[in-house]
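K.L.:
One-letter residues, chain by chain:
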Amino acid sequence: MSAEPPRRVSRVTVTAPPTHRRRRTTITSEIDAQTQLGEVYVRSLVRAQLRLALVVCAVLGVTVGLLPVLFVVAPALGEVHLLGVTLPWLVLGAGCYPVLIALAAWYVRRAERNERAFVELLGAHHAPGRQP
Amino acid sequence: MSTRALATVVAVVLVVALTLGAGALSLRRARTPSEYYVASRAISPATNAAAVSGEYLSAASFLGIAGLVLSRGATSLWYPVGWTAGYLLLLLFVAAPLRRSRAYTLPDFAELRLGSQAARTTASTMVVVVALLYLVPQFREAGLTLRILTGAPTWVGAAVVAAVALVNVTVGGMRSITLAQALQYWLKLAALCLPLAFLLVHRTGGSQVVVERLRDPHWLEPVHGGQGLYATYSLVVALFLGTMGLPHVAVRFYTNRDGRAARRTTVVVLVLLSVFYVLPPVYGALARAYLPETPTPGTGAADAAILTLPGHVVGATLGDVLVAVLAAGAFAAFLSTSSGLVLSIAGVVGQDVIGRRLPTVPAFQVAGVLVAAGALALTLLTSGLAVAQAVELAFAVAASTLCPLLLLGIWWRGLTSPGAVAGMTVGGVLSTAAVLTVTTGAVPRGGLGVVVTQPALLTVPVAFATMVVVSLLTRGAPPPHVARIMVRLHTPEAVALDREGFRARGADD
Numbered sequence: 001m002s003a004e005p006p007r008r009v010s011r012v013t014v015t016a017p018p019t020h021r022r023r024r025t026t027i028t029s030e031i032d033a034q035t036q037l038g039e040v041y042v043r044s045l046v047r048a049q050l051r052l053a054l055v056v057c058a059v060l061g062v063t064v065g066l067l068p069v070l071f072v073v074a075p076a077l078g079e080v081h082l083l084g085v086t087l088p089w090l091v092l093g094a095g096c097y098p099v100l101i102a103l104a105a106w107y108v109r110r111a112e113r114n115e116r117a118f119v120e121l122l123g124a125h126h127a128p129g130r131q132p
Numbered sequence: 001m002s003t004r005a006l007a008t009v010v011a012v013v014l015v016v017a018l019t020l021g022a023g024a025l026s027l028r029r030a031r032t033p034s035e036y037y038v039a040s041r042a043i044s045p046a047t048n049a050a051a052v053s054g055e056y057l058s059a060a061s062f063l064g065i066a067g068l069v070l071s072r073g074a075t076s077l078w079y080p081v082g083w084t085a086g087y088l089l090l091l092l093f094v095a096a097p098l099r100r101s102r103a104y105t106l107p108d109f110a111e112l113r114l115g116s117q118a119a120r121t122t123a124s125t126m127v128v129v130v131a132l133l134y135l136v137p138q139f140r141e142a143g144l145t146l147r148i149l150t151g152a153p154t155w156v157g158a159a160v161v162a163a164v165a166l167v168n169v170t171v172g173g174m175r176s177i178t179l180a181q182a183l184q185y186w187l188k189l190a191a192l193c194l195p196l197a198f199l200l201v202h203r204t205g206g207s208q209v210v211v212e213r214l215r216d217p218h219w220l221e222p223v224h225g226g227q228g229l230y231a232t233y234s235l236v237v238a239l240f241l242g243t244m245g246l247p248h249v250a251v252r253f254y255t256n257r258d259g260r261a262a263r264r265t266t267v268v269v270l271v272l273l274s275v276f277y278v279l280p281p282v283y284g285a286l287a288r289a290y291l292p293e294t295p296t297p298g299t300g301a302a303d304a305a306i307l308t309l310p311g312h313v314v315g316a317t318l319g320d321v322l323v324a325v326l327a328a329g330a331f332a333a334f335l336s337t338s339s340g341l342v343l344s345i346a347g348v349v350g351q352d353v354i355g356r357r358l359p360t361v362p363a364f365q366v367a368g369v370l371v372a373a374g375a376l377a378l379t380l381l382t383s384g385l386a387v388a389q390a391v392e393l394a395f396a397v398a399a400s401t402l403c404p405l406l407l408l409g410i411w412w413r414g415l416t417s418p419g420a421v422a423g424m425t426v427g428g429v430l431s432t433a434a435v436l437t438v439t440t441g442a443v444p445r446g447g448l449g450v451v452v453t454q455p456a457l458l459t460v461p462v463a464f465a466t467m468v469v470v471s472l473l474t475r476g477a478p479p480p481h482v483a484r485i486m487v488r489l490h491t492p493e494a495v496a497l498d499r500e501g502f503r504a505r506g507a508d509d
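These protein sequences, in sequence, are chains S and V.
First residue of the first sequence? That's 1 in the working numbering, and the numbers climb one at a time after it.
First residue of the second sequence? That's 1 in the working numbering, and the numbers climb one at a time after it.
In short, the hints are calculated from the structure, not lab data.
Quick reminder that beta carbons are idealized off the backbone N, C-alpha and C, glycines included.
Be aware that one or more of the hints could be misleading.
Stated by the list, open to error - Not the full set, but computed from the structure, chain S residues with beta-carbon under 8 Å of chain V: (1) Thr26; (2) Thr28; (3) Leu37; (4) His81; (5) Ala94; (6) Trp106.
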C-alpha cells in the first residue's frame, strides 16, 4: 500500500479519451484488419511480383518466343552447321533449355528478394526496439 | 516365345514390381485425407521435383517425340521445348501462390477464390475432361507397346497399367505414388540413356545408314511457312500455357512444404526435364537414319519404330535386351502418368460426387476404382479413333480453361464467379469441339483444318477475353474475402497473418 501524502495537483482537462492510444501500430495488424494502409502493403508486394513475372515472361517471348518468326524470316540459318547439326536443330534440341533454366533461376532469386523485403518491412514495424 | 517377347515381359514385370514396391514402402503411413491427397505436404524439393518430372514425362514424351521427329522432322522439336517452357510459366505465375492457397485440387482453388459452387463444378468438369484426354492415350499406348513387342492383345497392356495405377492410388494415395514417381524419373532417364549409348557406339546391325534421308530439307525445316507459322505458334501457346492447367501437375504443387519450396521444386523440375528432353530427338534422328522406311505420322507405327530401333541397329540378343530396356522405360512412363491422372480425377470425383455420401478416404478409394475402370472402358470403346493427338489437344483444352482461371484468379482481384464460369465454358466448348473433330477424323481441308488441329491460338484469347468481359459486366462491390485471399496467395509464410477463411474438403491441417 502506498501512502502517498495528499498533494495539491492542478487539475488539467483530459482532451482525448485514453482509448485513442490503442492505435494499430503493426502492419500485420493493418493487413489483418483489411485497412487501406494494409491493402497498400499487400498490393505493393503483388504488383512487384507480377511486374517481375511479366519481365521474365517478356524475355522468354523475345528469345524462345521469336524463334518461329526468325526461322521463317531467315531460312539461311538452316544452312549453318554447328557440331555437325544445323543451327535450328541445335537451338531447339538443346540450346533453349539453358535459357529456360537461367530465366527460372533469375526469377526465383528476385522473387525471394521481393518477399524478404516485404518480411523486413513488416518486421521492422513489428518490433521497433529489437533490430536484428 | 521369342527372346524379345520374354525380355520385354521380364522388364515390364520388374517395372510394375518396382512401382508397387515403392508404394508399399510408404504404405503404412497414408492414413489421413491430407496424406492421400497431398502426402501431408512433407516432401523435399529434390524428391518432389523428381516426382513431378516422373509424373509429367508420359508416353508422348518417351516415345511420341522420337516418333514425331522420325516421321515429321524438326517441326516436332517444339514439343519438348514447349513442355519444358510450360514449367517456366507455371513458376512465374502459379507455383508459389497455388501452394499458398492451401487447396488440394483445382476445383478447391476455384471455390476458395470465387466462393461459388458453380465455379467449383465447372472447374471439376474441366479437370475430368483434360485428365481423361490425357489418360486414354496412356492406356492405348501401353496396349500397343505390349502388342508390338510380345504379341499380346491390346487390352492386356492397358489393363496392366490401369490395375497398377489403381492399386497405387487407392491403397497409398499421394504419399505412396510420390516415391514411385521419383524413382520412375530416373528409370526413364536410364532407359533412354543406356540403349542410346549402345546405338552410338556399338553399331553392328545389318542396317545401312541412309544419310540422304537426314538431308531432306522439308524434314530439317523447323517451321513450314504460311499456315505452318500459325500452327507453330498455336502449338507453342497450348504447350506453354497448358502445363499449368494440367490437373495432375497442379496437385503436385500442393505437396511442397511452402511457397518458397514450390518455386525451388519448379527450378529443379526444369533442370530434370531439360536433361531428359535432349534425348528423344536423338532417337528420332537415329531412327530416320537406320530404319528401312519412314512410318506415317500420327499412327502408332512411328512410336513402335522407336521401340524396335535397337533391334535394327544392334541386332541379336543384345538388341532384344535393349528393346526390353526401352519397353521398361515406356512402361514407367505409362504407369507414372496414369497414376497421377487417376489420382487427380479420383480427387475431384471423390470430393465432389461421392464425398457427400462417404467419409473422405473411402470416397477417394471408391472414386479411384470408378475412374480407372471408366477410363479403361473408354480406351477400349474408342479404339477406332485417332487418339494419338489427344495429349497435345489436352494441353489446348487446359490452356483454354484452367489456365485463365489460375492466372486471372491469382493476379486479378476483379475476376468474378460468373466471369470464370463463362470463360471456362466458352474455352472448354470451343477446344473440346476441336478435340472431337480431330479424334473422329472429320478435320476439314485447308486453313480451317489447321485451326481445328491447333486451336489454342484462337481459343485461349477468347477464353481470357470472355472471363475478363463477363467479370467486368458482373462486377459488384468487391467481396470482402478477396482481399484476404490475396494476402494468403501472395504473402510469404514467414509473416504471421490471418489466412483463414477456407479449408479444403476433408482437410485436417
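K.L.:
None of the hints should be skipped; say for each whether it holds.
P.N.:
Do the hints match the structure? See the list:
no.	hint	result
1	Thr26	violated, 10 Å
2	Thr28	holds, 6 Å
3	Leu37	violated, 13 Å
4	His81	violated, 11 Å
5	Ala94	holds, 5 Å
6	Trp106	violated, 10 Å
The structure does not agree with the numbered hints 1, 3, 4, 6 stated previously, though it agrees with the rest.
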